[in-house]
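These protein sequence lines map, in sequence, to chains A and B. Residues 1 to 275, numbered by my numbering, are exactly what the first sequence covers, in order. Residues 1001 to 1275, numbered by my numbering, are exactly what the second sequence covers, in order.
Hint data in this document are derived by calculation from the structure and do not stem from the laboratory. Glycine included, C-beta positions come from ideal geometry on N, C-alpha and C. No false leads were mixed into what you were given.
Using C-beta positions, here's what the derived DEER-type ranges look like: (1) 73/A - 1023/B: 44 to 52 angstroms; (2) 249/A - 1259/B: 36 to 44 angstroms; (3) 1/A - 1170/B: 30 to 38 angstroms; (4) 1018/B - 1/A: 52 to 60 angstroms.
With a cut-off of at most 20 angstroms between alpha-carbon atoms, the simulated DMTMM-like pairs for lysine to aspartate or glutamate come out as follows: (5) 231/A - 1172/B; (6) 231/A - 1169/B; (7) 1266/B - 1247/B; (8) 266/A - 235/A; (9) 117/A - 1071/B; (10) 1117/B - 71/A; (11) 114/A - 1063/B; (12) 117/A - 1063/B; (13) 1124/B - 126/A; (14) 1231/B - 166/A; (15) 1231/B - 1071/B; (16) 1118/B - 36/A; (17) 1114/B - 42/A; (18) 121/A - 1036/B; (19) 1145/B - 1098/B; (20) 1117/B - 39/A; (21) 124/A - 1036/B; (22) 223/A - 1235/B; (23) 114/A - 1042/B; (24) 1232/B - 172/A.
Number of protein chains: 2
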Amino acid sequence: MKIGFLGPQGTYTEEALAKVFSPDEHEFISYPTVSDVIEAVDAGEVDKGIVPIENSIEGSVSETLDHLAFDSEVLIEREVLLTIHHHLIGIKGTTASEIKTIISHPQAYAQCRKTLKKVFKEVKVEPAFSTAEAVKSVSEKGDCKVAAIGNAFAAEIYGLEVLIRDISDYPDNTTRFVIIGKELGPRTGYDKTSIICFIGDDRPGKLLEILQEFSYRYINLTKITSRPTKKKFGEYLFFIDMEGHLEDDHIKSALACLRCKLPLVKFLGSYRRSS
Amino acid sequence: MKIGFLGPQGTYTEEALAKVFSPDEHEFISYPTVSDVIEAVDAGEVDKGIVPIENSIEGSVSETLDHLAFDSEVLIEREVLLTIHHHLIGIKGTTASEIKTIISHPQAYAQCRKTLKKVFKEVKVEPAFSTAEAVKSVSEKGDCKVAAIGNAFAAEIYGLEVLIRDISDYPDNTTRFVIIGKELGPRTGYDKTSIICFIGDDRPGKLLEILQEFSYRYINLTKITSRPTKKKFGEYLFFIDMEGHLEDDHIKSALACLRCKLPLVKFLGSYRRSS
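Pulled out of the complex, with its shape left as it was, chain A reads as follows:
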């Protein structure tokens, strides 16, 4: 099977993928952006893909939600939770006092800012598009004055060393990834269903009516978040995750009622919960 992932080699996404699919049995193909991964699955270039959807510190990954909402017909087939361990990575044998510049994805740096401030009085921070790219670029420079924030997986791939372990300011840092494809996940009795509700007009009170459909059927929601429609300022759509499977009667009936009330309800998949 061909599986697309958010690259380059050594990202947290590839690490999450390797947790559930073996690289010996499947072909992993790297794509530069979340949108490229999802487009490759839609186009049938790859059989499945994996992208991050939510992080316990940063919240939702907007690019993933927006692409699933507006530009794709793929389904979520599975979720994968990965604990994020940010390390300071550099050339083997480097000591902290040698480091003058840290290369980092801005979000990773933001998550480690307080810890790093304690270690480094003065250090320059240079941005990178991903943690894996930051690590790769330190490896290419081969300079002890430069270090990167990234994972142990990337340090190994690019022949570098973890200089300081676990530099995140938040001890519980988890990212939720989703495997996307074109199949409905089988009903396991311990499932989750994801949908998007397009509310249409300017009536935020409609959210109450949506929630009542779930409450009426004792459906537990695990997440609800809004995103702009990108058409008109102040207009939103809602991403809702709930416990249950599309083949469960109460879920089927809730979605049917919502479809009567709202201009569009997009089904994003039913899949086994990971906990």
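For this one, chain A is given, so just place chain B on it according to the hints.
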């Protein structure tokens, strides 16, 4: 009055600030991050501050919401809407065919990707921490092969030229900024109130109960969004904007009822609506 803004000079934030306060009458002080601006207001280093809170394409600005939720006691005193016009900016007289590298804040580039792909078959993209920094760095390099995505305001400040106007893929691109300080805005009869609801335990059904308090009093919500608590994966708090002022009886009573139900309701301010 001293007013802190998200810098460096030439950001969209400074442009929004200049819409409502004159730089001739007040001292504008630049801070490198949203958190630094809010901290400066909390510490009394500046009288007021301005930060972006929401964009019509990208959604909420997480750093602003999180800092207001967890680390600050400032109030929102006013909102400012600014239409965002991204331009391609470079050395005067540069032609598109000369440009080999575009420096950009990753979000600005993401918003112009499709338009730029039509103009440039192959171009390298380098990340910057802000659009203003991208423009500044082109000015420092003084090289026709390099251009930046930014606003006309920054082009003028750094002595550069708008090479291609309005390169955004989205015609309606608006950012909502908030002026923060320590005062409750006066009741004008056309107001908005912002709060944060901490739900506490793992019962997403509680959101329904929250919304019923507003619906019962015919309070119109203009925005609702969730953010992770950063403590436990799957635990959220809700940011709610509503029409009305803290001094309106129905708003006061809704907040009082919510305080009885929830472990914490944080008041973020009442201020005149901008529309």
